[in-house]
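> Taking our numbering, the leading residue of the sequence shown gets 2, the next gets one more, and so forth.
If you are wondering where the hints come from, they were derived from the structure by calculation, not from laboratory data.
One thing to keep in mind: the hints can contain errors.
Said to hold, decoys possible - Restraint ranges, calculated between C-beta atoms of paired labels, are given here:
1) MET32 / GLU12: 32 to 40 Å
2) GLU42 / ILE65: 16 to 24 Å
3) ALA58 / ASN11: 22 to 30 Å
4) MET60 / PHE15: 19 to 27 Å
5) GLU42 / LEU9: 25 to 33 Å
6) MET10 / PHE47: 35 to 43 Å
All C-beta atoms in this analysis are idealised placements derived from N, C-alpha and C, irrespective of residue type, glycine included.
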Amino acid sequence: MVENVLSLMNELPFDEVFYISSLDGNNVERMLNKAISYLPEGEPFFSEDTENLQSEAFMISEIIREKILLLTHEEIPHSV
């Protein structure tokens, strides 16, 4: 794997390389923070009075599903 990364680093202009693990989450937060640092600052894309077309129950279920995936590292049925 290291050889592949070094080869890509020679071919492409990367500012930084992150070795991350989907099994234990190593360096994921560091990589996300770096990605966020590249986002431009500006006016919000949506105004504060913009309504979401999804129901509150749907949004809650998506947050719960996300947390289960992050904590278990397993696929879960969509019915959860």
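> If a hint holds in the structure, say so; if it does not, say that too.
Hint-by-hint comparison with the structure:
1. MET32 / GLU12: 32 to 40 Å: violated, 20 Å
2. GLU42 / ILE65: 16 to 24 Å: Hint violated: Cβ distance 31 Å, outside 16 to 24 Å.
3. ALA58 / ASN11: 22 to 30 Å: The hint (22 to 30 Å, Cβ to Cβ) is violated, given that ALA58 and ASN11 are roughly 50 Å apart.
4. MET60 / PHE15: 19 to 27 Å: Given a distance of about 35 Å, which is not inside 19 to 27 Å, the answer is violated.
5. GLU42 / LEU9: 25 to 33 Å: holds, 30 Å
6. MET10 / PHE47: 35 to 43 Å: holds, 37 Å
Checked against the numbered hints listed earlier, the structure breaks hints 1, 2, 3, 4; every other hint is satisfied.
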